Amino acid sequence: MNLNDLQSKLISAARKNAPSDRVPYAFEKRIMANLASHKANVWALWGQPLWRAAISCVAITALCGVWSLVAMNTNDSPETFSQSFENAVYASMNQHIEDAE
Amino acid sequence: MDKTDAELIAAVLKGDEASFEPLITKYQPRVFATARRYARRESEVEDIVQEIFIKAFQKLSSFRGEAPFEHWLMRLAVRTCYDFLRGHQRNKETAFTELTEPESDWLDRFVVQPDGASDNADAAKLLIERILDQLSPPARLVITLLEIEERSVKDIAKITGWSLPLVKVRAFRARAEMRKILARITQEKYL
Numbered sequence: 001m002n003l004n005d006l007q008s009k010l011i012s013a014a015r016k017n018a019p020s021d022r023v024p025y026a027f028e029k030r031i032m033a034n035l036a037s038h039k040a041n042v043w044a045l046w047g048q049p050l051w052r053a054a055i056s057c058v059a060i061t062a063l064c065g066v067w068s069l070v071a072m073n074t075n076d077s078p079e080t081f082s083q084s085f086e087n088a089v090y091a092s093m094n095q096h097i098e099d100a101e
Numbered sequence: 102m103d104k105t106d107a108e109l110i111a112a113v114l115k116g117d118e119a120s121f122e123p124l125i126t127k128y129q130p131r132v133f134a135t136a137r138r139y140a141r142r143e144s145e146v147e148d149i150v151q152e153i154f155i156k157a158f159q160k161l162s163s164f165r166g167e168a169p170f171e172h173w174l175m176r177l178a179v180r181t182c183y184d185f186l187r188g189h190q191r192n193k194e195t196a197f198t199e200l201t202e203p204e205s206d207w208l209d210r211f212v213v214q215p216d217g218a219s220d221n222a223d224a225a226k227l228l229i230e231r232i233l234d235q236l237s238p239p240a241r242l243v244i245t246l247l248e249i250e251e252r253s254v255k256d257i258a259k260i261t262g263w264s265l266p267l268v269k270v271r272a273f274r275a276r277a278e279m280r281k282i283l284a285r286i287t288q289e290k291y292l
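Residue numbers (my numbering), protein chains in the order written: chain C, 1 to 101; chain X, 102 to 292.
Simulated from the structure, these hints should not be mistaken for lab results. Treat the numbers as computed from the prediction; the structure is a model and nothing was measured. Each statement offered as a hint is correct.
Per the computed footprint, the stretches of chain X lying under chain C, defined by three or more beta-carbons under 8 Å from a beta-carbon of chain C, are:
hint : region
1    : 152-158
2    : 247-257
Just some of the chain C residues that point at chain X, by a computed CB distance under 10 Å:
hint : residue
3    : Asp5
4    : Ala13
5    : Ser20
6    : Asn34
7    : Leu35
Taking CB as the label site, the calculated pair distances span:
hint : chain 1 : residue 1 : chain 2 : residue 2 : range
8    : C       : Ala33     : X       : Lys290    : 44 to 52 Å
9    : X       : Asp206    : C       : Ala33     : 41 to 49 Å
10   : X       : Lys115    : C       : Ala33     : 16 to 24 Å
11   : C       : Trp46     : X       : Lys160    : 17 to 25 Å
12   : X       : Ser162    : C       : Ser84     : 52 to 60 Å
13   : X       : Glu143    : C       : Arg52     : 38 to 46 Å
We put the CB at the ideal spot given by N, CA and C, even for glycine.
Could you build all of it, start to finish, from the sequences and the hints given here?
Have a look at this one:
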């Protein structure tokens, strides 16, 4: 049997029997509905983590606020944090000025 | 008056999603016919067509309007069908089940008198469908585009994104793969 002839015959059969282009009823409506839900899903995909991140940020800010208030109230020294920070940064400069005097 | 494809695409890109519906209505018969070349079950065909239009909607901004929208859409359709073939390759049954009675009769007629076996017969149609199912995804794609749809090598290269030599090599391998399957079927039947 000539396999090339058989192959050609079968290919010719496939050519003559083109697939149907029938479309199920209201298929375009189904795709449009799917597109809409797909878009909603994309927003949900971003929205959920963003809301979670926002809640975490608010919680961290509130905790920092409470901590700084507590630290201010319990601090016995007359120097505030900003004053002691400034003194530490300018310590070497102050030393030079004192030496010059 | 009906809007042109370019007008509808421009409207969709401006945010009017409803303008995409006439595009689906216009091109879905062709997309369905293409998908039916690669999938046999109707549920699979519907899934493929749906995926093609969703991809088309998402990638519409990449359509530059240099070629007709239909060409762009059909390229997307063929590539989606190829992805489907690759995805379902492992799930496919590997063995060719026995020939059915009409297929066997058709083959007998072909052996006795090649011209006597009609290429319009249902048995021939079923047999070629089952043989195509046995081919590897690239072989099936290239046989479908080159031999069945009779497209040029250059056209196939554009559709698939393969280089011209790669299309030629894959066409050569696909024909050999198909002959191997035919040889196995005929050997099982006549030897």
